[in-house]
Amino acid sequence: MTYAQQDPALAAGHVDHPARMGFFTDTSVCIGCKACEVACKEWNAVPEDGLEFTGMSYDNTGSLNASTWRHVAFIEQIGRGPDGLDGAAADGAPARWLMSSDVCKHCTEAACLDVCPTGALMRTEFGTVVVQDDICNGCGYCVPACPFGVIGRRETDGGAHKCTLCYDRIGDGLEPACAKACPTESIQFGPLDELRERAQQRVGALHDSGVSSARLYLEDPGDGIGGGGAFFLLLDEPEVYGLPPDPVVTTRDLPRMWRHVATAAAALLAGGLAASAGRGWWGRS
Amino acid sequence: MTERAVRGRRRWGRGERGERPMVPRAEFRSYYGRPILKEPVWKTPEVPGYLFLGGLAGASSVLAGFAHVCGNRELARASKVGAAAAIGLSAAALVADLGRPARFLNMLRVFKPSSPMSVGSWLLAAYGPVAGAAAASAVTGRLPRAGAAATAGAAALGSGVATYTAALLCDTAVPAWHEAHREMPYVFAGSAASAAGGFAMLAAPHSQAGQAARFAMFGAATELIAKQCLLRRIGDIGEPYQAGRPGQLMHAAEVLTVAGLASGILARRSRVATAASGLTLLAASALTRFGIFEAGLASARDPGDTVRPQRDRITADV
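Residue numbers (my numbering), protein chains in the order written: chain A, 1085 to 1369; chain B, 352 to 669.
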């Protein structure tokens, strides 16, 4: 594990920084109330971004974007019991509902931050990833760089926006608005180390009680993004919730890309040199 | 034969062009079929136009550098003026995408090798004035020594301007772009040389166009070969390059590249045919950039393109 993976805040230059803070979203107790969405909008003064009826489920928010920083996914699975297995469960229930509040993952290796050409995206002392609105020039590079499709560009101001993990609140010792509003403690906020421990205990307890489909997502520092600052307990495959099953930060391949760019640039110059020869082929030039 | 092997053989836009493949791909699960990734917000035609013009400018400076050394003055002058005009237009396209000129300056407050856009901004900031100086000296005949130095500098920087845009696209989560990162710089280098050679075949006197034609032939061949290597290696992830509108653009680009290449060689004695061949290669290069750009948008929109390769990776690891 690299130095930046162990301590992203220190790697970004924050000496004597506080503990890395994050979210553990335990979707097994989410009731889909969307209080997190509302609290986030209220606290962060995030503008309205369309009152639409998707017609697909109780989810009319659709996805995370520049003006939606918490998004509650709603999935109805007919023919699956609460344990996630096919067929009717012991109590005869033929279906289950999955609800999950999605959010920016505050990646240990954050593609949005890596590719940002202005330095508007930065790593805070809490190890979170935040956009500085006065610096962002709206280039949009972070948008396709994010492997989760989290960050978006807002049409009204042309800038990129996403969850700040309530940078203003946590700096004052408060918990983020979504976690504060969550009535079931599905959204848990705290030092990442503690959350990871708590999540391991929770997934163990669920397995013991027969919920074999419970699994942790992005809690592993050895994964393709160095682990999420926000991670999840899911009851089905990540893609069912609209999450990529094995995301890898694009910049891991960037050194190789630069090598190929350098070789291609050299090839272009070599082509120019080669084209200078062979004059007999075209009269005098 | 595996499905991947079957599709790996298909060429750009050939076969069931614009339709779904004959062999159904593995099922994948998704959230109501909604995309996982965000589609790039870059505008068309500004950004693909920027890719094309940047390539044309950079490779024109390379050609101008060698033409200058070889004493093909008129060819060198045409390429220098072409490079300066193209980089000016390309900067305008960039500013049009950003919204206002001051936003470009924001990029120059830091230098980040982890961001191809940052590296590209600095390259452009260095290259633009040098290419402009080379053109100004060639047109006015003033300060020939400074002009020669600017010509050399523009050639060196131009090779970077023409190729860095490949890293710009590939350093994203968009599967069709990211997975193509090994070959894309060569596709872009080839496409740029083809466009620059084509432009000079059109703009320079026929007596000096031979060097430009050879450069264009080198570029066209490099582009065709690199594209084939790209498609063969990335397999299914390359589907967006072959289907729908991006597939049509890529196919048209391939046809025009081959036509420009063939006519440039066979009809080289004719001044009109040489100019037509140059124009064909310019159009082919532009279509290639638009096709690659739009294929990326299609790739980002399709949740299957995001999920399937990642699922395959998980399955392979177990």
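In short, the hints are calculated from the structure, not lab data. For each residue, glycine too, the CB sits at the ideal point set by N, CA and C. Check before you lean on any hint, since a few could be wrong.
[Unchecked claim] If we take Cβ atoms under 8 Å as the criterion, some of the chain B residues that face chain A in the derived model are:
1) 385
2) 386
3) 436
So, going through the hints one by one against the coordinates:
1. 385: holds (6 Å)
2. 386: Cβ of residue 386 of chain B sits 7 Å from chain A, so the hint holds.
3. 436: Interface hint status for residue 436 of chain B: violated (20 Å vs cutoff 8 Å).
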